[in-house]
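The listed protein sequences derive, respectively, from chains A and B.
Count along the first sequence from 1, then add 157; that gives the number in this note's numbering.
Count along the second sequence from 1, then add 157; that gives the number in this note's numbering.
Worth flagging that the hints you see were computed from the coordinates, not collected in a lab.
Check before you lean on any hint, since a few could be wrong.
You can't tell identical chains apart in this list, so a pair holds if it fits in one copy or across any two.
Simulated crosslink set (SDA-like; lysine to any residue; CA at most 25 Å straight-line) [what the hints assert, rightly or not]: (1) Lys419 - Ala371; (2) Lys419 - Ala434; (3) Lys230 - Glu262; (4) Lys230 - Glu259; (5) Lys419 - Pro375; (6) Lys230 - Asp184; (7) Lys230 - Val185; (8) Lys230 - Trp382; (9) Lys230 - Leu394; (10) Lys230 - Gln386; (11) Lys419 - Thr343; (12) Lys230 - Arg261.
This one's a predicted model, so the numbers in the text were calculated from it and none came from an experiment.
Number of protein chains: 2
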Amino acid sequence: MWSGDDAAFFPAPSDRLLLTTDAMVQDVDFRLAYCSGEDVGWKVVAVNASDIAAMGGRPAHAVATLCLPATTKVSFVDDVMTGMAAGAERWGIDLVGGDISEGREIVVSLSLLGAPVGNAPVLRSGARPGEAVCVTGSLGGAAGGLVVLEQAIPQDEPAARALIARQLRPTARVQEAAALVDAGVTAMIDLSDGLAVDLGHLTASSSVGCRIEAEAIPVDPNLLWLEGQAPDAIDPLTAAITGGEDFELLFTIQPRLFDDVKAGLAELGTAVTRIGATVESGRLIGRDDLTTWRQQGWQHLRNR
Amino acid sequence: MWSGDDAAFFPAPSDRLLLTTDAMVQDVDFRLAYCSGEDVGWKVVAVNASDIAAMGGRPAHAVATLCLPATTKVSFVDDVMTGMAAGAERWGIDLVGGDISEGREIVVSLSLLGAPVGNAPVLRSGARPGEAVCVTGSLGGAAGGLVVLEQAIPQDEPAARALIARQLRPTARVQEAAALVDAGVTAMIDLSDGLAVDLGHLTASSSVGCRIEAEAIPVDPNLLWLEGQAPDAIDPLTAAITGGEDFELLFTIQPRLFDDVKAGLAELGTAVTRIGATVESGRLIGRDDLTTWRQQGWQHLRNR
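Full structure from sequences and hints, please.
Now the structure itself:
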């Protein structure tokens, strides 16, 4: 342990706790060809902080485990730690300990403790029919960044750099989550697996249906540039609906509260878009069922 | 997350927390040739529970991450979960969530939250000169078990099975730690890296020396059987001093309190042995410095 004892010791951040864990595996979640140690360290913190934010929580304390091949350069480990420290500072996390093991490939995992901002956490299961379905920010950029990195797309354009940043340096919507709790969101999830999948989780947990207007979905504007560069590589709307790792928040709220939410998040510089509504049954984006979108997405993004 | 949401939610076990994390990596910490999924699951819980115990704490909530090759059988994953669940039940741990990733080798990691039993955790740094240095249980058995497993030693003898159990199914001294806190231990560490190494950590953190009587060290009695089977493979005293993974507790206490401690732990069925004393300076086991023992240990156990 970095604290120099068998375990870290600290005051509980609250009398009710949130705990999550997420790992990043070399050649599964990242490639060293385009991902620095700092990128990996930052992202593993962001991914976990996003989980805590999605529960309506604020992150507090973390421990990390690194598995590293014996050939790993010390400078790479330093870079991972630098990236973790930057993410920890950004979201107010105290990195209190960790464990380093040898392994054949790089695995960086983090466990993050947090506390609900309100009296109770925001679950996926709280949505009821007749509520507004909303997302923060824009969607599909992280998937677009992966296309730029994995294919022979020029990386010097501002749009390319912005897409790459969405993939390598995601932002956890921690402040936004706190504002959304205050505003009275009913259910929330972070978009780690893509809108079609995560909306499926939220609506299934809440036992509701949804009607999403495809044209209302805030597609990352840089995807239009990418489509111009590589028209066969990406369809912007499909990327926004099925691309993962945007780490935006998907939430439901009473329709009458939407304008206040929008104004509140604008103060944080974050857009929020109403993309549809919860209904009694049927889960549609445009005319297609979520399941259809997921299948199209896999085919379109994976089997090229 | 197994709890079906982005993070687990539960009441804080205390207003002061302990947090630790430890990973087990295939072919580094275990080999599938002799280690079942249940063994791996049990041990990763035990290793982490031992860290919390060593801080004078009781374990409470855990999250796990599994990295698994795509070829891993579902039954192996089930076995890991069964082993984790058994360890969790044994030490009163609530397994609240986790994350499964694909990877080239099996990595099982756990992060464990706990709470100090007393008003403050027991640190490595609390020993002062003139105290009794004590250990629970017996030492060297886990190293002996590894010799049995890695070499062509018959495994059907009770002594062989007992040594293997020390290696594959370690016990975390959780109840014992609580009793030791009540008794007033001044410093504590668990024996994960071996007596010579971990005593080095404790005495360095406390800025004290030590005089350990080699003949007082409670050598695992099954090592005498193993020495008879394979006299070139192991020296029992060296294994007890330098072998790792026994997960016994090494602690210091006022000498006048030792008899009470011994009686208290006897009620739990656990032996405790006074192996020496803290002094102002110099760190000796028998006539040799801890550093010498560590070097001998590595040579003796590793370079055969």
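Right, here's what the structure says about each hint:
Only within a single protomer do Lys419 and Ala371 lie at most 25 Å apart by alpha-carbon distance; the minimum there is 20 Å, versus 71 Å between protomers. In the homo-oligomer, the alpha carbons of Lys419 and Ala434 lie at most 25 Å apart inside one protomer (16 Å), although the nearest pairing across protomers, at 67 Å, exceeds that limit. For a Cα distance limit of 25 Å, the shortest separation of Lys230 from Glu262 qualifies both inside one copy, at 13 Å, and across copies, at 21 Å. Taking the closest pair of Cα atoms, Lys230 and Glu259 come within 25 Å of each other both inside a single copy (13 Å) and across two copies (24 Å).
Proximity of Lys419 to Pro375 under the C-alpha cut-off of 25 Å is restricted to the intra-copy arrangement: shortest distance 14 Å within a copy versus 68 Å between copies. Proximity of Lys230 to Asp184 under the C-alpha cut-off of 25 Å is found in both arrangements, the shortest distances being 18 Å within a copy and 21 Å between copies. Proximity of Lys230 and Val185 under a CA criterion of 25 Å is satisfied in both settings, with 20 Å inside one chain copy and 19 Å between copies. For the homomeric pair Lys230 and Trp382, neither the shortest alpha-carbon distance inside one copy (37 Å) nor that between copies (44 Å) is at most 25 Å.
In this homomeric assembly, Lys230 and Leu394 never come within 25 Å of each other (Cα to Cα): the closest approach is 41 Å inside a single copy and 37 Å across copies. For the identical chains of this complex, Lys230 and Gln386 are neighbours neither inside a copy (36 Å) nor across copies (42 Å), given an alpha-carbon limit of 25 Å. For the identical chains of this complex, Lys419 and Thr343 are intra-copy neighbours only, at 16 Å inside a copy versus 56 Å across copies, given an alpha-carbon limit of 25 Å. In this assembly of identical chains, the alpha carbons of Lys230 and Arg261 lie at most 25 Å apart whether taken from the same copy (14 Å) or from different copies (20 Å).
Violated hints, listed in ascending order, are 8, 9 and 10; each of the other numbered hints is respected by the structure.
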